[in-house]
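Each chain, written out:
Protein chains: 2
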Amino acid sequence: MTNGEEARVSAAVFDAVCAKADAAARAQKTLSRANAESKNELLLAIADALDARADEIAGANELDMIESRDAGMDAGKLDRLLFDVPRVAAAAQGVRHVATLPDPIGEIVRGYNLPNGLRLQQTRVPLGVIGMIYEARPNVTVDVASLCLKSGNAAILRGGHAAERTNAATLAIIRDVLAAHGFDPALVDTVDEYGRDGATAMMEARGHIDVLVPRGGAGLIQAVVRNSKVPVIETGAGNVHIYVDKSGDLGKAIPIIINAKTQRVGVCNAAEKLLVHRDVAADFLPAIARALAEANVELHADDAAYGIIDEAGIDGVNLLAATDEDWDTEYLALTMGVKVVDSLDEAIEHINAHSTGHTESIIAEDYSAVEEFTGRIDSAVVMVNASTRFTDGGVFGFGAELGISTQKMHARGPMGLREMTTTKWIGYGTGQVRG
Amino acid sequence: MTNGEEARVSAAVFDAVCAKADAAARAQKTLSRANAESKNELLLAIADALDARADEIAGANELDMIESRDAGMDAGKLDRLLFDVPRVAAAAQGVRHVATLPDPIGEIVRGYNLPNGLRLQQTRVPLGVIGMIYEARPNVTVDVASLCLKSGNAAILRGGHAAERTNAATLAIIRDVLAAHGFDPALVDTVDEYGRDGATAMMEARGHIDVLVPRGGAGLIQAVVRNSKVPVIETGAGNVHIYVDKSGDLGKAIPIIINAKTQRVGVCNAAEKLLVHRDVAADFLPAIARALAEANVELHADDAAYGIIDEAGIDGVNLLAATDEDWDTEYLALTMGVKVVDSLDEAIEHINAHSTGHTESIIAEDYSAVEEFTGRIDSAVVMVNASTRFTDGGVFGFGAELGISTQKMHARGPMGLREMTTTKWIGYGTGQVRG
Numbered sequence: 001m002t003n004g005e006e007a008r009v010s011a012a013v014f015d016a017v018c019a020k021a022d023a024a025a026r027a028q029k030t031l032s033r034a035n036a037e038s039k040n041e042l043l044l045a046i047a048d049a050l051d052a053r054a055d056e057i058a059g060a061n062e063l064d065m066i067e068s069r070d071a072g073m074d075a076g077k078l079d080r081l082l083f084d085v086p087r088v089a090a091a092a093q094g095v096r097h098v099a100t101l102p103d104p105i106g107e108i109v110r111g112y113n114l115p116n117g118l119r120l121q122q123t124r125v126p127l128g129v130i131g132m133i134y135e136a137r138p139n140v141t142v143d144v145a146s147l148c149l150k151s152g153n154a155a156i157l158r159g160g161h162a163a164e165r166t167n168a169a170t171l172a173i174i175r176d177v178l179a180a181h182g183f184d185p186a187l188v189d190t191v192d193e194y195g196r197d198g199a200t201a202m203m204e205a206r207g208h209i210d211v212l213v214p215r216g217g218a219g220l221i222q223a224v225v226r227n228s229k230v231p232v233i234e235t236g237a238g239n240v241h242i243y244v245d246k247s248g249d250l251g252k253a254i255p256i257i258i259n260a261k262t263q264r265v266g267v268c269n270a271a272e273k274l275l276v277h278r279d280v281a282a283d284f285l286p287a288i289a290r291a292l293a294e295a296n297v298e299l300h301a302d303d304a305a306y307g308i309i310d311e312a313g314i315d316g317v318n319l320l321a322a323t324d325e326d327w328d329t330e331y332l333a334l335t336m337g338v339k340v341v342d343s344l345d346e347a348i349e350h351i352n353a354h355s356t357g358h359t360e361s362i363i364a365e366d367y368s369a370v371e372e373f374t375g376r377i378d379s380a381v382v383m384v385n386a387s388t389r390f391t392d393g394g395v396f397g398f399g400a401e402l403g404i405s406t407q408k409m410h411a412r413g414p415m416g417l418r419e420m421t422t423t424k425w426i427g428y429g430t431g432q433v434r435g
Numbered sequence: 001m002t003n004g005e006e007a008r009v010s011a012a013v014f015d016a017v018c019a020k021a022d023a024a025a026r027a028q029k030t031l032s033r034a035n036a037e038s039k040n041e042l043l044l045a046i047a048d049a050l051d052a053r054a055d056e057i058a059g060a061n062e063l064d065m066i067e068s069r070d071a072g073m074d075a076g077k078l079d080r081l082l083f084d085v086p087r088v089a090a091a092a093q094g095v096r097h098v099a100t101l102p103d104p105i106g107e108i109v110r111g112y113n114l115p116n117g118l119r120l121q122q123t124r125v126p127l128g129v130i131g132m133i134y135e136a137r138p139n140v141t142v143d144v145a146s147l148c149l150k151s152g153n154a155a156i157l158r159g160g161h162a163a164e165r166t167n168a169a170t171l172a173i174i175r176d177v178l179a180a181h182g183f184d185p186a187l188v189d190t191v192d193e194y195g196r197d198g199a200t201a202m203m204e205a206r207g208h209i210d211v212l213v214p215r216g217g218a219g220l221i222q223a224v225v226r227n228s229k230v231p232v233i234e235t236g237a238g239n240v241h242i243y244v245d246k247s248g249d250l251g252k253a254i255p256i257i258i259n260a261k262t263q264r265v266g267v268c269n270a271a272e273k274l275l276v277h278r279d280v281a282a283d284f285l286p287a288i289a290r291a292l293a294e295a296n297v298e299l300h301a302d303d304a305a306y307g308i309i310d311e312a313g314i315d316g317v318n319l320l321a322a323t324d325e326d327w328d329t330e331y332l333a334l335t336m337g338v339k340v341v342d343s344l345d346e347a348i349e350h351i352n353a354h355s356t357g358h359t360e361s362i363i364a365e366d367y368s369a370v371e372e373f374t375g376r377i378d379s380a381v382v383m384v385n386a387s388t389r390f391t392d393g394g395v396f397g398f399g400a401e402l403g404i405s406t407q408k409m410h411a412r413g414p415m416g417l418r419e420m421t422t423t424k425w426i427g428y429g430t431g432q433v434r435g
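Chains as they are written, first to last, in the UniProt record's numbering: chain A, 1 to 435; chain B, 1 to 435.
There may be inaccurate statements among the hints.
[To be verified] Below are the DSS-like pairs computed for lysine-lysine, each with C-alpha atoms no more than 30 Å apart in a straight line: (1) B:29 / A:246; (2) A:229 / B:229; (3) B:29 / B:246; (4) A:29 / A:229.
The set of hints was computed from the structure by calculation and includes no laboratory data.
All of these numbers come straight from a predicted model, not from anything done at the bench.
Using the sequences plus the hints, can you model the full thing?
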């Protein structure tokens, strides 16, 4: 087996990664038919083992933390890398929660009899082998492994160099439990030992890996989207907008904007842009800017918004002139782009031109404005008079999520267990032939 | 706008194709909100115009036919290229049929209230711009245009050099009707004027075209799958198996095998391989081989099957020894590979190793064998005691089909209007913020 003329990694690494994926695929054929009871028992045993052996993981994580700190990793990344005993315990609780979720496998999506009596059933089945390329966040290793196992899928992971020792310790425990429960440890495997080449080989492994899900910063995701020959589900980037219509209720607008911008900074469903209708800009913008200033949010405003906010003379406001680049930037910080629009139409056009297709919200009391906005905005989620922070698998009732898809193919929005499946049609006949 | 460092076509062609796709996308934003009534009126007007102006299409087709005949095109391809007045009339009838199908847009896939009162609705919406790369079959132009318009999508088409005049005449009519009905003609466009570069540019046009569907021979499909940066739905290849279990009923097996192999040759759901359990091979194979010989089917048999069939001394049998290559070949001809297997398990393993994942059928009366086969076979459609020829959007009740997906992402099996959609979540709130 070779990767042909377009090889970008050595044949040895490509073959090794494909061999792991093929072993995972063989093991997945058994897992795909396991009932929910046995999958849940497996997950509970993994959770118990993570608790019992948390010291092993935390010890490995200490070494990863020291190396990354010495290499000058910033505080935010170090915090995401930290996987100490309390965090392992929290991850184990997450696994126990996944065990409580309904099993998507076997659901009959559609079923009916053809006129000739053939009984057709479109049945939900696992996707197969899910590849995950993510940055150094060891809890993702546990999350993805538990979601994949519950949905009957195998997982091939590439978890970021900085977390390699932590991920290895975590996977050793998961694989021990798989073996002890009669499942093939090949179901959850890593290509970390091949470094970046491992990730590249995963992208080349079409026919071996069924779907690749990148999770992390925009750079990582775009690199996978551009280079992968395996089908990709694009996740996470959120240049999220809130539009305050001229019919908007200021009493709703302020708490929603503050919540969407500040309740948790640095997540993909946090709001990044505020568009305000010109008719209410003079009334609303000073009040909103005051609330944002109190929450220490820096404002990057277009000319019209700048003028209104500047004139209001708000204490402590941090006001800058927006550049063209602002409208396409996901700040992931206490920063918000602010723009005055002449119409609902301009708001919709601006959002559809600059959004990453994650989540947008309208603040409006006018029925037709709401219909127009929800109908024309081309994003995974459109909120009306509600915070954009609700776009989340947990909030949507999925129990847990693999990520939030910003693409249109296969899954759009939060991806839970159901989105990790495909279907198979089964036709039960009694000798039917086509006339 | 450029296609960056990985450019394989000239920037001019890439920009021109993207400009067409972007114009299509703008037009699609209006179409996506059109109600079913106006879309159906549009389709009926297109059907009427195709009938009224069939001479224009047939005249252009005559020139295409002459050129292709002179260039030595084989009879099968010439037949697929033919688009004379009766065939245009048949295509117009197909458009009228699409007008009668239910509109998938607006369907609420899931809807429920969150505990905080936010009303969540997952709503079916069009995919956007669908790119289609197909071989010289002018009826596909009409089929795809009508399916795309009904499902609220725009279409960018590359239809094969040999049919360029025919497709241009067809599209001119469709675009005239679009304009006359107040729709933007950019909704259905071709990149045929750029030749092969047009197809290459479509594959590079990520962010401009939402999904690319190749339809045609295995070579075309694999070239698109390998090279496209736009998400692809893989269609069509069918190395289709029928397995006769030791519990199989010979009375059902023979008509099903003959129907699946011979009712229509050269289509993707026609059976290509026959696996027979060793315990019944001596009884069943001579009878089946006799029926296949009468239907002029050439048999490529493994050693065991060859021995049994040869010994039976069947009149007129055309029996050859199978090679390893046979098991991975889609003949699309009156040829069938025949193999004796030792067990149900061997049959399943063989099929999962060699199938293209389209359709397989088991002939069996044993309950456990049926459960095992339907559960373990990893194909889009699994039939039990029924012909594989039923895998078809029309037969499944979809009314029409874009193709048959053999991949697991997004859609699997026959693709009708529903499979040409994605979803959008809408959350109707009253001021909710996340705690």
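Hint check results:
no.: 1; hint: B:29 / A:246; in the structure: 24 Å, holds
no.: 2; hint: A:229 / B:229; in the structure: 8 Å, holds
no.: 3; hint: B:29 / B:246; in the structure: 56 Å, violated
no.: 4; hint: A:29 / A:229; in the structure: 23 Å, holds
Figure legend: structure checked against the earlier numbered hints; the only hint not met is number 3.
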